[in-house]
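Asks: Take the given structure of chain A and dock chain B to it, following the hints.
Taken in order, these protein sequences are the chains called A and B.
For the first sequence, the residue numbers in this note's numbering are 1 to 435.
For the second sequence, the residue numbers in this note's numbering are 1 to 91.
Check the hints yourself; a few may be wrong.
[To be verified] Derived coverage of chain A by chain B (criterion: at least 3 residues anywhere in the stretch with Cβ under 8 angstroms from a Cβ of chain B; other residues may be distant):
#, segment
1, 30-42
2, 117-131
3, 245-252
4, 273-279
5, 321-328
6, 397-408
Honestly, the hints are just simulated from the structure, not real lab data.
Since this is a predicted model, take the numbers as computed values, not measurements.
Just so you know, even glycine gets a beta-carbon here, dropped at the ideal spot from N, CA and C.
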Amino acid sequence: MSEEISQNKVDIIVVGAGPAGVSAAITAARGGKKVVLVERAPFAGAKNMYGGVIYTHAAQEIFPNYKEAPIERYISAHSYVLLSENDSTQITYKNSLHKDNAFVAIRAKWDKWCVEQAVKEGVYFAPDTLVKELIVKDGKVCGITTDVEDFYADVVIIADGVNSLLARQIGLREDIKPKNVALGVKEVIKLSPEVIEKRFALKEGTGCAMEIVGGPLKNMLAMGIVYTNQDSVAVGIGASLEDLKAQKIKPYELLDSLKQHPFVAEIIEDGEIVEYSAHLIPEGGYNALPKLYTDGALVVGDAAGLVNNIHFEGTNLAMISGKLAAQTALEAFECGDFSSNTLCLYKKKLENSFILKDLKTYKDVVHTLYGRTGSFLTYYPDKVNEFFNIFTAADGQPKKEKFRQFTKHFFTKRSLSELFKDVIAGIKIVFGILK
Amino acid sequence: MDKKIEDKLYTLKYKTDAKCHLEPDQSKCLQCLDKTCTIICPANVYSYSETEKKLTVSYEKCLECGACRIVCKHINWTYPKSGKGVIYKKS
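So that you can see chain A by itself, here it is in the shape it has in the complex:
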């Protein structure tokens, strides 16, 4: 331990060793600063779960040697599945030329590996350390209080995750509202690599990312996910906390009903659950962004609500926001000013990157979808399945009458005013994205 650390004063403290925190810490260390990365768990990743993948562009930017990391499978197939009660329609996108856009990793291994790289580059890692609160003097954040002792720094980077008690403590954000957050629950189900590759039609070592709507998840803002690890499959749901609360649905029972749907049941048949997990997902997007900086502190990753839920992107926004925050902190050291006057550059960097540009693009989509879950996430998936049911059925009956009935029902089973609202919502979404 260096003399300065022993005096409990470093250049930069990063709270939370998830993707955002570790990216901030390693970037700051590469800039020659003394950095302490604090984590409340015994090792990085022990508290972390996700419904997703690690995106190569971000992994490469922070860890040029990411290919040495414990990667489960590179994603070669993206599937989108529409469920009804008993049937399903699946669209799968594969591109033989672009195989490494994303990969699946187990967080307890990946996050841990990332921190090991940071330590190699000079970051001081402090696991088993819960930060109780930030130390604020004369309006400036200047350190942290832990279970054991206080630590001081010129800049504190807040990467304490979706609940971010620290950003709340210093008034950078309000408490999250139930409509701005989803609850994710997930099971990891053990299956042999051969069985996984057969069931998902994958080449050896490649993987599939699957997003599911409809069926048991009907009439609420909820989506299912299925991802392939090397020798297990992750099955999960992300559901609006507001909807779970209003409809009095237990999250694990919703997951169970997804698992019981024939489409998912076939995928996980004979598999054994090896780990269950739960986590909140920020869903507020651009409209619910907190204040991202204050004198002496910056907020990154989930703590800042940086998740693009339409594209299931979170880890990449976390990593790049961590990097941009650390770069801002390095600039603050250059000019010797750690106040908001300099740290506001972080927001400019986010605005100039894909992070806030994408969140802005989608700022009204979730809100618009929210009002129309009964149609876009229930009625239309049902109709797609009904169409393919008719299209594929060879039962000796003439087709014309069936299609007539289908078209008639399309307009009669749903009131015209509802259809009109759907069209308006659809236009709103498309124009909102393109404008």
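Replies: What follows is chain B alone, placed relative to chain A:
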């Protein structure tokens, strides 16, 4: 094939904190009609006994997600102490 929630939780490793890190204000539970915490919690930490008029908090099962904190303003919610609580290994 579907296991009950207790079986799901049985797959997890915990370093149990000696002290409960979730403190609901029991006086508010009496007036609470929905008891949303008992529905929303993915680890079934909360259960309400109508006979005893008491909310039982099995904090040792907590996954530290924070869902209860968001649906109820009357829970003094903190993380377990340093190094304590759930440990994910395969998620």
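Asks: For the segment 117-131 of chain A, do at least 3 residues have a Cβ located nearer than 8 angstroms to some Cβ of chain B?
Replies: holds (count 4)
Asks: Taking a Cβ-Cβ distance under 8 angstroms as contact, does the segment 321-328 of chain A have three or more residues in contact with chain B?
Replies: Per the Cβ count (0), the hint is violated.
Asks: Within the assertion that chain B covers the segment 397-408 of chain A, do at least three residues meet a Cβ-to-Cβ distance smaller than 8 angstroms?
Replies: violated (count 0)
Asks: Cut-off 8 angstroms, C-beta pairs, minimum 3 residues; does the coverage of the segment 245-252 of chain A by chain B stand?
Replies: Answer holds; 6 residues pass the 8 angstroms Cβ test.
Asks: If you count the residues of the segment 273-279 of chain A with a beta-carbon closer than 8 angstroms to a beta-carbon of chain B, do you get 3 or more?
Replies: holds (count 7)
Asks: With a C-beta cutoff of 8 angstroms, work out whether three or more residues of the segment 30-42 of chain A approach chain B closely enough for the coverage to hold.
Replies: holds (count 3)
Checked against the numbered hints listed earlier, the structure breaks hints 5 and 6; every other hint is satisfied.
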